[in-house]
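There are 2 protein chains.
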Amino acid sequence: MTTYVVGHQNPDTDSICAAIAYANLKQQLGAKAEAIRAGKINAETEFILDKFEVQAPKLVTELAKGDEVILVDHNEKSQAIAGIKEAEVKEIIDHHRIGDIETGNPIYFRNEPVGSTATVVTKLYQENGVEINEQMAGLLLSAILSDTVIFRSPTCTKADKEIANRLAKQLGVDIQKYGKNMFKAGSVVNQLEPKE
Amino acid sequence: MTTYVVGHQNPDTDSICAAIAYANLKQQLGAKAEAIRAGKINAETEFILDKFEVQAPKLVTELAKGDEVILVDHNEKSQAIAGIKEAEVKEIIDHHRIGDIETGNPIYFRNEPVGSTATVVTKLYQENGVEINEQMAGLLLSAILSDTVIFRSPTCTKADKEIANRLAKQLGVDIQKYGKNMFKAGSVVNQLEPKE
Ligand SMILES: [Mn+2]
Ligand SMILES: [Mn+2]
Ligand SMILES: [Mn+2]
Ligand SMILES: [Mn+2]
Chain A
1 MTTYVVGHQN PDTDSICAAI AYANLKQQLG AKAEAIRAGK INAETEFILD
51 KFEVQAPKLV TELAKGDEVI LVDHNEKSQA IAGIKEAEVK EIIDHHRIGD
101 IETGNPIYFR NEPVGSTATV VTKLYQENGV EINEQMAGLL LSAILSDTVI
151 FRSPTCTKAD KEIANRLAKQ LGVDIQKYGK NMFKAGSVVN QLEPKE
Chain B
1 MTTYVVGHQN PDTDSICAAI AYANLKQQLG AKAEAIRAGK INAETEFILD
51 KFEVQAPKLV TELAKGDEVI LVDHNEKSQA IAGIKEAEVK EIIDHHRIGD
101 IETGNPIYFR NEPVGSTATV VTKLYQENGV EINEQMAGLL LSAILSDTVI
151 FRSPTCTKAD KEIANRLAKQ LGVDIQKYGK NMFKAGSVVN QLEPKE
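So the sequence lines, in the order shown, correspond to chains A and B.
Using this note's numbering, read the first sequence as starting at 1 and increasing by one per residue.
Using this note's numbering, read the second sequence as starting at 1 and increasing by one per residue.
Simulated from the structure, these hints should not be mistaken for lab results.
Please note that the accuracy of each hint is not assured.
For chains that are exact copies, the list does not tell them apart, and a pair is met inside one copy or across any two.
Claimed, not checked - No more than 25 Å apart at the CA atoms, straight line, and that leaves these computed lysine-lysine pairs for BS3-like:
| hint | residue 1 | residue 2 |
| --- | --- | --- |
| 1 | LYS51 | LYS85 |
| 2 | LYS65 | LYS180 |
| 3 | LYS123 | LYS161 |
| 4 | LYS85 | LYS65 |
| 5 | LYS158 | LYS123 |
| 6 | LYS169 | LYS85 |
| 7 | LYS177 | LYS51 |
| 8 | LYS32 | LYS158 |
| 9 | LYS77 | LYS180 |
| 10 | LYS65 | LYS40 |
| 11 | LYS123 | LYS40 |
| 12 | LYS51 | LYS40 |
| 13 | LYS177 | LYS158 |
Next up, chain A with everything else stripped away, as it sits in the complex:
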């Protein structure tokens, strides 16, 4: 059985990128895992997926009874994909307050008080000794910059900066320049402008 990896409803960049990258890590560790999304991709995330040539996860509007799922970037039922109560939560990777998900069995739950789920996912690659390819490095870097507003958010920690800097170095990306372009691509103003 394939385990879905999914972020919250109305997914932001961290929810999409952390889901893709964590599914990739699980696959490399030998698991059958697939990133899905619970809603529409926003303009910022679309820009990132285009830039790093990664396909958007499949849209799944509701889980079926018994589906196995890994939650990323949230741990509250009210934020989760429809059908969550009938599904089996196998893992949670997050960076928010502890919410109301309960499980019948012990699971891997990794929540850290850092600026993005992508920061935690990057640590998990490292702890498992798995190399991060350029595509995944691009998504992880983008998600950290998105959630921390290029390190300006009060939730941003030393770990977020260190990890983002390392990913940027791997990619040869200028964080400030890339971050600005990313936010510009995602801004409402930009979305309201005609595309052609």
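Dock chain B with the ligands against the given chain A, drawing on the hints supplied.
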């Protein structure tokens, strides 16, 4: 403010040893942390503390409003020390099903589906690059052997065995022999026998 590290009510060996060892790790990382216990030390744990010459944590029967606390070996209010609802949960390190603790802020929550909390605590020493002294190694090994019934419990994983074997090697301890003595010391029969 000192952060208390505490296991569940009616503490078993894992709750006591994981609390002591995790408080020790936090101290070495520069935090003000102190292991406490929510109840009586059992005979098995007493044997272990004697053997490795470690003092029992202070007994605290109820937390005060605003106390900062790290929960080990449980993550359910019903199992927690009295006063938990008025205290501030700062971290959770556990290996059980996900329970009903909610927090207002993001915290470090590390739950793994392994045989003992001590296994997770040992990983945290390693991830933080902190050496495990002989006393802590003794407590951690004992807690793994206690919770996994010397690797015989269905909850025992490869990680528990690997980590216990490494700790035993550091200590020069024969796992089967030591484990048997430990369980013998904790058995009810032994407790009912006159001590002299
Ligand atoms: Mn999010
Ligand atoms: Mn996030
Ligand atoms: Mn216990
Ligand atoms: Mn335990």
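How the hints compare with the structure:
Within a single copy, LYS51 and LYS85 get their C-alpha atoms no closer than 36 Å, and across copies no closer than 47 Å, so neither meets the 25 Å cut-off. In the homo-oligomer, the alpha carbons of LYS65 and LYS180 never lie at most 25 Å apart, since the shortest distance is 42 Å inside one protomer and 45 Å across protomers. Taking identical chains as interchangeable, the C-alpha atoms of LYS123 and LYS161 lie at most 25 Å apart whether they share a chain (13 Å) or sit on different chains (24 Å). In this homomeric assembly, LYS85 and LYS65 come within 25 Å of each other (Cα to Cα) only inside a single copy, at 8 Å, whereas the closest approach across copies is 34 Å.
Taking identical chains as interchangeable, the C-alpha atoms of LYS158 and LYS123 lie at most 25 Å apart whether they share a chain (13 Å) or sit on different chains (21 Å). For the identical chains of this complex, LYS169 and LYS85 are neighbours neither inside a copy (41 Å) nor across copies (45 Å), given an alpha-carbon limit of 25 Å. Taking the closest pair of Cα atoms, LYS177 and LYS51 come within 25 Å of each other only inside a single copy of the chain (14 Å); across copies the shortest separation is 60 Å, beyond that limit. Taking identical chains as interchangeable, the C-alpha atoms of LYS32 and LYS158 lie at most 25 Å apart only when they sit on different chains, with a minimum of 20 Å there against 33 Å within one chain.
With identical chains, the CA atoms of LYS77 and LYS180 are never at most 25 Å apart, being 33 Å at best within one copy and 45 Å at best between copies. Taking the closest pair of Cα atoms, LYS65 and LYS40 come within 25 Å of each other only inside a single copy of the chain (23 Å); across copies the shortest separation is 44 Å, beyond that limit. For the homomeric pair LYS123 and LYS40, neither the shortest alpha-carbon distance inside one copy (27 Å) nor that between copies (38 Å) is at most 25 Å. Proximity of LYS51 and LYS40 under a CA criterion of 25 Å is satisfied intra-copy only: 18 Å inside one chain copy versus 60 Å between copies.
Taking identical chains as interchangeable, the C-alpha atoms of LYS177 and LYS158 lie at most 25 Å apart only when both belong to the same chain, with a minimum of 20 Å there against 45 Å between chains.
The earlier numbered hints that this structure contradicts are 1, 2, 6, 9, 11.
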